[in-house]
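*Asks:* Below, each chain spelled out in residue letters.
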Amino acid sequence: MPVIQSPLPGTFYRSSSPETPPFKQDGDAVAVGDVIGLIEVMKSFHEVKSEVAGSAITFVTDNEDPVMAGAVLAELS
Amino acid sequence: MLKKLLIANRGEIAVRIIRAAQDLGIATVAVYSDADATALHVQLADEAVNIGPPAAKKSYLNIAAILKAAVDTGCDSVHPGYGFLAENASFSDAVTAAGLVFVGPSGDAIRLMGDKVAARGAAHAAGVPIVPGSMGRVDGIVAARHILIDTGFPVMIKAAAGGGGRGIRIAQDLAEFEHAFPQAQAEALAAFGDGGLYMEKVITKARHIEVQVLADGTDAIHCFERECSLQRRRQKVWEEAPSMALSSHLRDALCSSAVRLALAVGYSGAGTVEYLYDEDANQFYFIEMNTRIQVEHPVTEMITGLDLVAEMLRIAGGEPLRLAQADVTVKGHAIEVRLNAEDPARDFAPFPGTVESLRIPGGPGVRFDSMLYPGYTVPPFYDSLLAKLIVHAETREAAITRMARALSELQIDGLKTTKPLFAALAADPSVQAGDFHTRWLEGWLEVNAARLTPLQP
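Protein chains in written order, with the working numbering: chain A, 1 to 77; chain B, 1 to 457.
For the record, the hints were derived by calculation from the structure and aren't laboratory data.
Just so you know, even glycine gets a beta-carbon here, dropped at the ideal spot from N, CA and C.
Hints should not be assumed to be uniformly reliable.
[As the list claims (entries may be wrong)] Sample of chain B residues facing chain A (criterion: CB under 10 Å; computed from the structure):
no.	residue
1	Ala55
2	Asp280
3	Asn340
4	Ala345
5	Ala349
[To be verified] Restraint ranges, calculated between C-beta atoms of paired labels, are given here:
no.	chain 1	residue 1	chain 2	residue 2	range
6	B	Asp108	A	Thr58	46 to 52 Å
7	B	Ala324	A	Lys43	27 to 33 Å
8	B	Glu356	A	Thr58	33 to 39 Å
9	B	Gly434	A	Val60	50 to 56 Å
10	B	Lys331	A	Glu64	47 to 53 Å
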């Protein structure tokens, strides 16, 4: 199963701000290059873009969870 | 005197506060998140309490967890450091309501200085020069045209209800202003439901100079100024004391205005009054007052011989100010640089990681405030400040030479840091001449980016 990993250690966010909806909901289709979340590293924010495509995404890391580099954020089917 | 202090912070400032407390015989309690179990402040404090998960919101910003830790360990006081809860008025109030001493000003003082319009009004009332502009809201173009007499151009128009840089326009001349003002009004009304605007003179080329004050609620003194004009994205990176730009007459005027403001608001503790200094016009203007100990406080300590954190603890413990103004004198020149876990060769990208080996500079006039040790893994969840290298010498020129020497001794393996930036700045003719302003470094970085790789001299 293809997965999307965190490129950096930090805090994972599923939306660009608390007031906006998540970039992707569970079950959404994902194209290569789609932004699926943000990683905050030392107060700077980095987009996480999918390097693979899939018909349905399932997040395995929750919003605001701490992650290490390489941690699986979501699975694709 | 306080007996047992909880430090509601992490990193180098938590270490700094623990040291000051221990020097005064005050017992210390550190708090830490799950990501900071191995941190130096946890090792150095007499006790340490885990207060939650890595996210600051769930640990270092969690007022209930911090208060519980303080009560459970029998603390009589809480020092907030800088950042996190340091300028949170509700936290000051909550600490006091729990029967503990907050090492800092009252919630009301924090609230007053945290409200930009109220702080500007308080400064004006205390006879502190403020940036020319409106005193509060401007509701029509007729009133706005009168304010232009004071501000001149360029002038900034911003939504009263805006924030974080939203709803700001700058007009270069009257024609632009006549066009921009009604537009800004309509936009502010649409965006915020409030068409009120503020106006302020734009000072395009200014130095950032700030004055350290100490106050006990009755008396106040200043500990002279710091020059913090070398900034990147509004973050100070290199700070000095004293400022090379001020005449002794202007220094007196600046520093005494800060004392007037502290007295006017009944301030207690350590605080910093920040100013813009327009060198061409020979004018200084109040920007804001920070109601906490600041990152760059060591340069003031080096030139005055004071321990500002210890003075804060004494004042919080109920002692009156120990020093009269005449007791505070300046000796020599000090410079601090902020070593951040950032790669200056890659546009200052954050660089968390593990410290493999560490060589700390030493010798006369060198101080290194840090939370680093060999084997320490820098967590990615908090700000990137790793260490502050501070040097002190008889003259500014000698301080810059000493800074270059100390930087060459410093070796941090395993992480990228901003050290190459400071080595390059120490060698720069404009920096050596003290000829810069708050926007100078950004331009310098565009030209000199290639010089910031560690392998080059």
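*Asks:* Double-check B/Asn340 for me: the hint is only fine if its C-beta lies closer than 10 Å to a C-beta in chain A.
*Replies:* Because about 8 Å separates B/Asn340 from the closest Cβ in chain A, which is inside the 10 Å limit, the hint holds.
*Asks:* Take the C-beta atom of B/Ala324 and the C-beta atom of A/Lys43, compute their distance, and say whether it sits inside 27 to 33 Å.
*Replies:* 41 Å, violated
*Asks:* A closest beta-carbon separation below 10 Å is what the hint needs, so does B/Ala55 meet it against chain A?
*Replies:* 6 Å, holds
*Asks:* Look at the Cβ atoms of B/Asp108 and A/Thr58 and judge whether their distance stays inside 46 to 52 Å.
*Replies:* Between B/Asp108 and A/Thr58, where Cβ atoms are some 50 Å apart, the hint holds.
*Asks:* Under the criterion of a CB-CB separation shorter than 10 Å, is B/Asp280 in contact with chain A as hinted?
*Replies:* Cβ of B/Asp280 sits 34 Å from chain A, so the hint is violated.
*Asks:* Tell me if the interface restraint on B/Ala345 is satisfied: Cβ within less than 10 Å of some Cβ in chain A.
*Replies:* 16 Å, violated
*Asks:* Between B/Lys331 and A/Glu64, does the beta-carbon spacing fit 47 to 53 Å?
*Replies:* Distance hint for B/Lys331, A/Glu64 holds at roughly 48 Å.
*Asks:* Confirm or reject the claim that B/Gly434 and A/Val60 have a C-beta distance inside 50 to 56 Å.
*Replies:* Given about 54 Å between the Cβ atoms, the range holds.
*Asks:* Is the distance from the Cβ of B/Glu356 to the Cβ of A/Thr58 consistent with 33 to 39 Å?
*Replies:* 38 Å, holds
*Asks:* Does the CB of B/Ala349 sit less than 10 Å away from some CB of chain A?
*Replies:* 8 Å, holds
Hints 2, 4, 7 from the list above are not met by this structure, while the remaining hints are.
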